[in-house]
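Chains as they are written, first to last, in our numbering: chain W, 1 to 1014; chain S, 1 to 134; chain U, 1 to 204.
FYI, nobody ran anything at the bench for these hints, they're computed from the structure. Any given hint could turn out to be false.
Distance ranges between label pairs, derived from CB positions [claimed, not checked]:
1) W:G227 / S:K90: 51 to 61 Å
2) W:P818 / S:P83: 36 to 46 Å
3) W:D898 / S:F44: 19 to 29 Å
4) S:I79 / W:S556: 26 to 36 Å
For clarity, every value in this text was computed on a predicted model and none was experimentally measured. The beta-carbon is built from N, C-alpha and C at its ideal position, and this holds for glycine as well.
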Amino acid sequence: MRLLKPKRAARQMSRLSRGGRINRTKPITFTFDCKQYQGYEGDTLASALLANNVHLVGRSFKYHRPRGILGSGSEEPNALIRLGRGAYAEPNLRATQIELFEGLYAQSQNRTPSLKFDIGAVNSLLARFFPAGFYYKTFMWPASMWMSYERVIRYAAGLGRVADDHNDPDRYEKTHAHCDVLVAGGGAAGLMAALHAGRSGARVILADEQNEFGGWLLAENDTRIEGVDASAWIAGMVAELETIPEVTLLPRTTVFGYMDHNYLTLVERVTDHLAERPAHLPRQRLWKVRAGQTVLAQGAHERPLVFSGNDLPGVMLAGAVRNFVNRYGVLPGNRAIVVTNNDDAYRTALSLDEAGANVVVVDLRIDAAGPLITAARDAEIAIMAGHAVTLAHGGHRVARAEICPVNEGATQIIGDAVHMDCDLIAMSGGLSPAVHLHSQARGKLEWDDRNLCFKPSATHEASFNAGACNGGFDLGAALREGARAGAKAASATGFKTSATIEAPALDTPKQSWRPLAAWKITNGEGPGRGPKAFVDFQNDVTASDVVLAAREGFQSVEHLKRYTTMGMATDQGKTSNINALAILANTLGSEIPEVGTTTFRMPYTPANIGAIAARDIGHLFDPTRLTRMDDWHRANGASFEHVGQWMRAWYYPKEGETMTEAVNREVLAARTTAGLLDASTLGKIDIRGPDAAEFLNRIYTNSWLKLGVGKCRYGLMLKDDGMVMDDGVTTRLAEDHFHMTTTTGGAANVLDWMEEWLQTEWQELKVYLTSVTEEWSVATLSGPNAAKILEAAGVDIDLSASSFPFMSMQEAHLGGLPVRLFRISFTGELSYEINVKARHGLALWTLLMEAGAEFGITPYGTEAMHVLRAEKGFIIVGQETDGSVTPQDLKMDWIVSDVKPDFIGKRALARASMGFDDRKQLVGLLTTDSQRVIPEGAHAVIDPDQPMPMEMLGQVTSSYYSPNVGSSIAMAMLKGGHSMLGSTVYFPMLDGDVIEAEIVEPTFFDAKGERING
Amino acid sequence: MLIINCPYCGPREESEFACGGEAHIARPLAENSINDAEFAEYLFLRDNPKGLFLERWRHTAGCRRWFNVARDTVTHEIIEVYPMGALPRKAEALETYAASWRRDTTAEKAAQKPSQHNAAAKKTGGTASRQEGR
Amino acid sequence: MADIMTGDAMLTGRNALAGRAGMSTAAPDGGSAGLLIKEVAHIGKINIRGTKAFAKVIWNHTGCEFPPANNMVSSAGARHIVWLGPDEALLLCEAGMERDLRRKISDDLAGQHFAATNVTDALCVLQVEGPDVRAVLAKGCALDLHPKKFVPGQCAQTMLAHAGVTMIATDENCFLLICRTSFAAYTLDWLQDAALEFGFVFQG
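Produce the complete structure using the sequences and hints provided.
Here it is as structure tokens:
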């Protein structure tokens, strides 16, 4: 794709000539929607865009309305940006949280083809037809069409677009961390908490989502603490914290999850703010923190006022406007209307006035008075008390406001409107404490009638709330609460703190809010009429949607949320929840506390999946277990397959061989001369103790008490429900000592299973189990020449069948290596499982390959192993069985003792249902076309011409071409299969073809077992 | 994510443990005469209470030992951790044990009956687990 | 435990990570690597199951306290007993002594409810050392690895990322990681990856 050449950088026409925490000596060039702009180091993307007088930054989710920047931090619902290019692109990032860096590339979202001309905006014209619950109502019927509706809706409703290349090239990491006190939020209260906890010697982590500590103090220009500017005070606090060794400071880190037993998840944006990201550092790091105590000091979010047109670009939260002016040196508008239901917005008016804007305050309250109001009057700011902005006009930016005198509560217009031109409306509807983490941790909330907000009451976890997130919006109180919470938290984790807490002396305008409960400002028309007044900006939920939902019976707050999707966007309703609840309460004629609030869930702000996965990707996603002979397999061109976590040699293709050719060659060699298999992955358990034989007697279905020393026996293990769980050969090494083998995949399960019985039900048995799987490397030598090869390799024992019979074990030396030889066979051929201490595994393998060369010894992999055992009709647990198969189903009654009083599974096998003749039973299959191999998993039917859905008998569990038999062979689990020998069954294929096969006994080769002695 | 206090290794992350479900289910022996329905009570039926629950846990990634846990399924508070083959000491946990419907099942009673098979076991002192379940 | 690596005795055959070449990445600040990884290839390992009833016999053969305190290692010279559980421990000894030592202990305890199993070849011992060792391990281990919370002589069986390990602090900045040999390659891969930001050296 050819990228459009960016236009020349524009001037920062809305940047104030001085002030702010930006570095004017470090200009930064960035690109937004293919146009170049300039900002400064210290800017966010939002502040830099505003500095360039760019207000229109996105289109809304449902109606595609033009949207601007509403807030200045993590609460931002509108300004969602796609950042970066190509594989690095990331959607839905809040412009207010993106730190500016050189070369930053950003695009607006949810517009086709461009931000200023968006065809989706037609939804806005049809808004009458998109009421609350529109999708539910319209796309319900017919149900069968939902799939097609869904595809279109998902496209139309999506927000950002992920990177086209789904392989995220960035590096992410995660780490565990422990601390005595975790402080979430590094504003006034959080800094005090961290300091007081840190001074006690407690291990403290202080995390804040911003690039620098200080929280809202960074936005205030009228505050002095202990005789210095707020910014100097912050610097002093951070400097002291930095000197305390047990304090970890994590800026750019969001605490986004709070789970049971004080387990919290944080995401640190390590290099997101850098133009050049060092390769050795992760882009983001997930912190998984176990905290003794937490101090939640996350501050509060300002609420919008709900009036018609409140979503226009240029309509912003009052606090955010102050933040842009004071912290970033940006003037978001020259003709500003500050509309408020409380005192605090007067500070914004004063800041705007000082920055040179023309300011009018519209106060919903008739009787507003106090120091801030006086200060505004002294500054000759016009104040319209008892008035409201009832309508904001504009296209891509607010241009004009309709202001009316209103009654208390702003539900009625009580006089004539005036119209006022403006380019900025700064609104304030009061503050909502950021109770998200408290709520995630199942803390309780209570309604504060004075400050009009939900604030924390009882906590569930070991945590304290401090500052604005605790419901008190006074700086002095926040400092005191923070100090106290930090000290209490440290002391609760066993650290000594000083008895008296001195809060710093303050010189700041007396903070007061005194908000008026005015939740929905009338526009003079009936409900649902007139221009929209937005409650939830990100999900496009309006006040009339809430009213409509309530009228339609969705009166529980949880129902309202799901029906209107209010609060369900990525901002989780940070700015919208309380307004929606209040409007619902008003509509229902009840009180807010009665309506209640929804529960916040994690994450507080969206967390990158990359950070959650971190390095659990690629070869680190899951361990690959290797045998000690692996180097040989690799050097000799083996193909590998995963068996559980093990990597096993699958087959060894020679130059130019296909897999089928290689496997056929290996299978033939094992029956004509000798094959060698790496069987090291078999589970091996050392069983020792006076009760070892009795224990095996209870664990296996057959009898073990009388097995002679040095003898081997095959055993089948059931679960207590009678179903086959594992199998393997166990050998008696001494009276009280056994060596058990299990399937490769079942090794850990079997050990756990046996430990469970020993530790819980049979504590009286004196048996110890030790896993020795990796202690031994195992090479299985199988075929008529097996004994000759052992002799050629220099074995020092007599291998004749009389002195070393089938199913026995002898210790020996082979080429000088001490080995255990097990004469057992999974192929039906003369076979030895040769166990050697693992450090000699590779030497053993090489020795046998060299000694066997003259006999044409052939290494074979797991595929040939499968074919060889299937020729003999030996099952593989997990292939023929699936947890619903009994020994009887496998025709293995012979291995189930009817003499033993008990073994695991015995009672279950006696259940009536075990005798039903429609149980799936193991059978063999020979295809009519002997060269045709049935796909494993194919389903059998009696009549291939029956109408669909066909009645299925069961499925093929193993199927191969057998070069030794000269035909295709298969095993299957079929309903009533044992009584169907000789019948023909059919396997309909996807392409309409049908494979025909005869049911036979599942033993295809050497049915009499004559080859076992070579 | 709970912190579970392994009686041997001390407090560890939940991710190191495996939950073994309801505790104190005695296993009836095959020779005990119970019918299929009664056997099913042992094999299949498990409690899922809201509130205090006695359950088995194993420290899979640590010492591999089994033990019992008395946990409130609502608050996730763990009020007691106690060994296999023992009963809880806390009064409310003991009450939960005694109040379980399972105490009255035929399967449970059958498991308590001495038989040929577990008479031998009894000699070796293995009665605690049998009586108090696994 | 400082002398765990001493002794000249060698095991014959091939150690678990014999196929792995040495590898290193520089520390980003140009200084020395934050993590040194090496395989302690020559050390005997015996898994012991049994209770304190056998303390005297084991002390006779090792000089070590048995069982060690929970989550601790008891040491005497080149022999160390690592606590694994209420009736389980891992005895580390000089390479080549494991067969004799196992047999002698077992003979003295014949007929008792006791098991000693040679697991020398089943387990791989890695030594990880350096100023950033705890930060590296914390990326995959949920234990509290603060120097005051996981002290020299302390041990734990736990998970390191997706591998089960027995972790032993031998010094403030030095740990032994004992894993099954089949997980050794994964564990090494994981350590090298986790140490990227500090730089590492693996002595192959």
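**OP:** Kindly confirm whether 36 to 46 Å is satisfied by the beta carbon distance between P818 (chain W) and P83 (chain S).
**Re:** holds, 41 Å
**OP:** Given the range 26 to 36 Å, decide if the beta-carbon distance of I79 (chain S) to S556 (chain W) lies inside it.
**Re:** Because 34 Å falls inside the window, the suggested range holds.
**OP:** Note whether the CB distance of D898 (chain W) and F44 (chain S) lies within 19 to 29 Å or breaks it.
**Re:** Distance hint for D898 (chain W), F44 (chain S) holds at roughly 25 Å.
Subject >> C-beta pair G227 (chain W), K90 (chain S): status relative to the range 51 to 61 Å that was hinted >> reply: holds, 56 Å
Going down the numbered hints, you'll see the structure goes against none, and every one checks out.
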